[in-house]
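Chemist: Letter by letter, the chains look like this.
There are 2 protein chains.
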Amino acid sequence: MSANALDRLVALLSKLPGVGKKSAGRMVYHILDGDPSYAQILGEELAGLHKSIRRCGICGGFTETDPCPICSDAGRDRSIICVVERAQDLRIIEESREFHGVFHVLGGLIAPLEGIGPGNLSIGRLINRLGRTDPGQEVKEIILALNPTVEGDTTALYLQKVLKDFPVTVTRLASGLPVGGDLEYTDRLTLSRSFRGRVKV
Amino acid sequence: MSANALDRLVALLSKLPGVGKKSAGRMVYHILDGDPSYAQILGEELAGLHKSIRRCGICGGFTETDPCPICSDAGRDRSIICVVERAQDLRIIEESREFHGVFHVLGGLIAPLEGIGPGNLSIGRLINRLGRTDPGQEVKEIILALNPTVEGDTTALYLQKVLKDFPVTVTRLASGLPVGGDLEYTDRLTLSRSFRGRVKV
Chain A
32 MSANALDRLV ALLSKLPGVG KKSAGRMVYH ILDGDPSYAQ ILGEELAGLH KSIRRCGICG
92 GFTETDPCPI CSDAGRDRSI ICVVERAQDL RIIEESREFH GVFHVLGGLI APLEGIGPGN
152 LSIGRLINRL GRTDPGQEVK EIILALNPTV EGDTTALYLQ KVLKDFPVTV TRLASGLPVG
212 GDLEYTDRLT LSRSFRGRVK V
Chain B
32 MSANALDRLV ALLSKLPGVG KKSAGRMVYH ILDGDPSYAQ ILGEELAGLH KSIRRCGICG
92 GFTETDPCPI CSDAGRDRSI ICVVERAQDL RIIEESREFH GVFHVLGGLI APLEGIGPGN
152 LSIGRLINRL GRTDPGQEVK EIILALNPTV EGDTTALYLQ KVLKDFPVTV TRLASGLPVG
212 GDLEYTDRLT LSRSFRGRVK V
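Just so you know, the sequences run in chain order A and B.
Under our numbering, the letters of the first sequence match residues 32 to 232, in that order.
Under our numbering, the letters of the second sequence match residues 32 to 232, in that order.
Bear in mind the hints are in silico, worked out from the structure with no lab data behind them.
Honestly, I wouldn't trust all of these hints.
With a straight-line Cα cutoff of 25 Å, these simulated SDA-like cross-link-like pairs (lysine to any residue) come out [stated by the list, open to error]:
# : chain 1 : residue 1 : chain 2 : residue 2
1 : A       : K52       : B       : Q71
2 : B       : K82       : B       : P48
3 : A       : K53       : B       : G49
4 : B       : K53       : A       : E75
5 : B       : K46       : A       : H61
Same shape as in the complex, but just chain A (with noise of 0.2 Å):
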């Protein structure tokens, strides 16, 4: 069975994460089974994604408008910016509901060994947005949301000294256990973590 389109997409489909030669053949004879219409709608989103989405001038977010929906909200609280690493850290922060003020994504994290440096990320332009507020309207607190790893850890750090000159509080999630987690099976780094920033009750 050599139908050359079907390995082509097989291939293709096999370089998405998670997505291995097995999976991608399923995917493949799925939709192979199924109507044609989604395929002829699932290939033109495909073929004009990168036309319809672009990145927000302002944040770094994905989106169909610049500035991206978020930041063109009056609604927003524009004295808080969360930093993320990557536009989908941003979506997943929103559906929490938790947050209402506005974000800036790096667009990675300092990994020397891979030589990712400070110069790789849009820090020059967080701090354009520190300084360019009107008034009444000055960021007051930066939240890093940065994973709790030895990159997101040596990145808030250098964020930390970059803005300690800056009238701005630098603030970072909390990191412990996670809800519903069990001490027994909780990493030693976590558990020391979780005593350090231990809350009165």
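We have chain A already, so just place chain B on it with the hints.
Modeler: Only chain B this time, still in chain A's reference frame:
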């Protein structure tokens, strides 16, 4: 972040087998972060899939040409037909390079509870293939490569009855312990089959 093209694509991708909303989101961000030509090519392949792939008029497998490369390959042994449930099973068997005959795709298995009877499967076309062979090209064996499930067993039994009036040997793939498996973790039914199907060493 109400980027509509993005949300539409996540909704479309999460209809694929094994893809949830979260993994669909990861895929879309992966595509957005990547080379725009990837999304373009993937989109075009998908949109054109149903145009370039059809079903083979002989075996029922997916193909770009009709008859498919297997059915039109003079090097394949036309005296053995391997009967499979779905076109993807054909691909799996081809990849094992174990079988050098031709195929027949049933298009499903008999499942009365789901309303699938023998009339919904391409059994009539299989029987037609037995009669319509050139001299010296008679079908001698039909291998039922159906899953060892209730539906697979029912369908195999039905085909056995239907085919018993034809001068053809009907066989079924051996069922038993998987290679590398462990007796301790083998279910009772599989163990029972591997006893009944035991072979002399």
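Chemist: Evaluate each hint against the coordinates.
Modeler: Hints, verified against the model:
1. The suggested pairing of K52/A with Q71/B holds, with an alpha-carbon distance near 20 Å, which does not exceed 25 Å.
2. Simply put, K82/B and P48/B have alpha-carbon atoms about 22 Å apart, close enough for the 25 Å limit, and the pair holds.
3. For the hint linking K53/A to G49/B, the alpha-carbon distance of about 11 Å falls within 25 Å, and the restraint holds.
4. Note on K53/B and E75/A: the hinted pairing holds, with a Cα-Cα distance of about 22 Å set against a maximum of 25 Å.
5. With a CA separation close to 10 Å, the supplied pair K46/B and H61/A stays within the 25 Å bound.
Going down the numbered hints, you'll see the structure goes against none, and every one checks out.
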